[in-house]
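**Q** Listed here are the chains, written in short residue letters.
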Amino acid sequence: MTAQQAGEREATSVPGRNAGVDSLLSVRNLQTHFFSREGVVKAVDGVSFDIKPGEILGIAGESGCGKSVTSQSILRILPRNGKIVGGEILFNNGDRTVDLATEEADGRVLRDIRGKEIAMIFQEPMTSFSPVHTIGDQIIETIRIHQDVSKEEAREQAVEMLRRVGMPNPARNIEEYTFNLSGGMRQRAMVALSLSCRPKLLIADEPTTAVDVTIQAQMLELLRDIQADLGMAIIMITHDLGVIAELTDRVMIMYLGKEVEHGTVEDVFHRPQHPYTRGLLASIPKMEPGRVEIEPIEGVVPNPYAMPTGCKFHTRCPEYIAGVCEKRDPPLTAVRPGHEVSCYLYGGREELE
Amino acid sequence: MLIYILRRVIVMIPVTILISVIGFIIIQAPPGDFVSSYIAGLEAQGDIIEPELIDSLRARYGLGEPVYVQYWRWVSNFVEGDLGYSMIYREPVVDIIAQRLPSSFTISLLSLILVFVIGIPIGILSATKQYSLADYTFTVIGFLGVATPNFLLALVGLWLLFSWTGTVSIGLYSPEMQNAPFGLAKFLDLLSHIWLPALIVGTAGTAELIRTMRANLLDELPKQYVTVARARGVKPTKLLYKYPLRIAINPVISTVGWLLPVLVEGEVLVSLVLGLPTIAPVLLDSLLQQDMFLATSIIMILGILTLVGTLLSDILLAIVDPRIRGAV
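Going down the list, the sequences are from chains Z and L. If you count by this note's numbering, then the first sequence holds residues 24 to 376, one letter each, in order. If you count by this note's numbering, then the second sequence holds residues 5 to 332, one letter each, in order.
Worth flagging that the hints you see were computed from the coordinates, not collected in a lab. This structure is a prediction, so every number in the text was calculated from the model and none was measured. Glycine is no exception: its CB is placed at the ideal position from the N, C-alpha and C atoms. Each hint should be verified, as a subset may be incorrect.
These stretches of chain Z come out as covered by chain L in the derived footprint (C-beta under 8 Å, 3 or more residues) [claimed, not checked]:
hint, stretch
1, 74-82
2, 94-108
3, 138-145
4, 149-155
To give an idea of the interface, some chain Z residues facing chain L are shown, with a C-beta separation under 10 Å as derived from the structure [claimed, not checked]:
hint, residue
5, Asp129
6, Arg134
7, Gln161
8, Phe202
9, Leu216
10, Ser217
11, Ser219
The whole structure should be built from the sequences, with the hints applied where relevant.
**A** Here it is in structure tokens:
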């Protein structure tokens with residue numbers, strides 16, 4: 024770690040912020056960049072958060088804000104041109120803490136954690152399974168990678184997990200291919216696949232985006248039930264603030280690879296501080312009688328190859344302070360214990376002088 | 005599955021009949037027949053031909069009758085295993101094919117194996133190490149392989165063989181093995197001769213397979229089920245073989261069927277250049293000299309081979325891909 028990074032961390036660690044001692048996962052100043060011929064995209068550029076065992080954390084933001092890349096960084100399943108260039112991903116794996124950011128991507132340590140300690144659900148249930156293998160084949164495979172059990176035992180566990188997620192006929196469903204299942208069943212099969220080894224942390228990357236609202240509601244209910252049942256922590260990644268409100272304890276709002284606001288759902292939704300968070304909340308269609316208009320955020324998301332300097336949101340911000348916001352990244356400032364904002368409206372301007 | 009196979013076999017029957025009709029018509033289509041080209045040959049040598057001789061020749065081969073009568077006679081004999089009489093070789097067609105087909109088949113089969121053994125691993129390497137030095141190298145070699153005509157490769161092969169061993173005869177067997185009974189020794193001798201023609205015949209196919217395999221695998225690699233499998237802790241090598249490769253190879257399996265006739269086709273010039281006793285040069289001769297029984301029979305057999313190959317591919321595909329099984 025460079026002296027500059029250490030200084031930044033000093034500046035960002037404020038009272039009320041979890042120090043990471045009792046955390047299950049502690050992400051510190053994560054930077055994940057994508058390298059291509061056109062240039063470098065700083066998809067994630069200094070993100071920090073913690074999650075405790077059994078907690079549900081939401082990560083929200085528009086497309087391209089780096090929320091999915093954050094989750095891919097944790098499991099180190101980034102596309103080939105994506106690299107973690109800085110920061111730490113500390114995972115408390117029972118007796119020892121491992122830094123997932125520095126481990127070899129497909130090495131032993133990561134492979135043992137993937138699917139067993141940290142599991143992931145993806146956007147498309149249909150394409151999460153290989154089309155030419157039965158769902159049972161893939162669930163049993165996962166169980167047998169991580170547990171020293173016979174085929175029959177693994178099969179029993181798989182059937183049991185399918186029953187738990189509410190598959191109507193687990194013993195038969197296990198022999199089925201995804202193309203034989205309905206959308207809702209695929210969702211459930213996908214959840215069963217990710218939970219087959221009872222992970223401590225489940226990362227759900229937009230699991231409700233590609234499905235209709237009925238299945239979306241079923242999915243959220245299922246996740247809540249299973250969470251109550253198995254007690255794992257969940258990171259819920261979505262652009263849908265309704266899903267966040269419905270499911271999570273705390274939420275982190277991201278914009279262009281940066282964390283802009285962070286706090287309990289209660290704080291962030293009822294007392295949004297950052298102009299971007301306020302904009303996001305205002306852009307949700309309201310169901311109140313007589314009011315149908317929505318207020319979209321002005322402007323467009325900047326070109327990822329030519330990011331604005333300073334606060335990334337200043338080009339679209341209605342409360343832009345000339346001569347301040349474009350200078351440097353605003354530091355995180357606590358507005359209440361556990362509620363932090365990265366915006367010069369709430370402090371940090373002294374450091375500029 | 006059994007119903008699927010049965011249905012496929014039943015569909016083959018009308019297709020086979022169609023092939024026989026089309027094959028027969030095409031062979032009959034050029035003006036004149038074997039007798040006229042035979043007579044033209046004799047006249048070119050200065051012989052005077054009696055009209056009676058022409059008529060008797062025509063009558064002997066049944067050439068004077070309407071086409072459908074000729075077709076029917078040929079088909080009924082064909083079904084009974086009588087493929088007619090070759091006018092140029094003056095031998096029953098069955099004997100010629102029986103002599104030539106096995107060597108053709110051996111070369112084709114070995115080519116096919118070489119195409120797969122060389123093409124698939126290189127295709128996989130090219131896809132998994134996309135834009136690496138190895139990928140670029142094999143891409144260049146691949147394009148060269150597709151673009152270079154077989155006969156040129158055969159000539160180069162012949163020349164190389166001559167400069168190394170001082171012999172130009174390739175043949176299929178060493179002279180001392182020519183009449184030996186078939187056994188392990190003779191088989192090994194065959195292998196030591198046959199690899200060169202098999203390699204040459206298979207070059208274009210290998211190059212194409214490398215490209216196909218690379219493209220298919222590159223399509224599959226970024227798919228979500230691959231990422232999911234990775235996120236479940238599946239080992240990288242096992243992941244590659246079990247998931248994307250399994251799917252990427254399907255189109256390859258479905259082309260096995262029509263690779264066989266393509267290989268026989270590719271054999272023509274190679275066999276001519278290398279002087280190999282395969283079926284291909286015979287087909288060329290029979291077409292040039294309008295030896296209708298021989299030509300039609302060979303075309304018919306190639307057609308049936310294609311059909312059987314396609315059937316085999318379809319069955320294989322149904323075995324490896326449950327989506328096809330399910331759609332049956």
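**Q** Sort out which numbered hints this structure fails and list those numbers smallest first.
**A** 1
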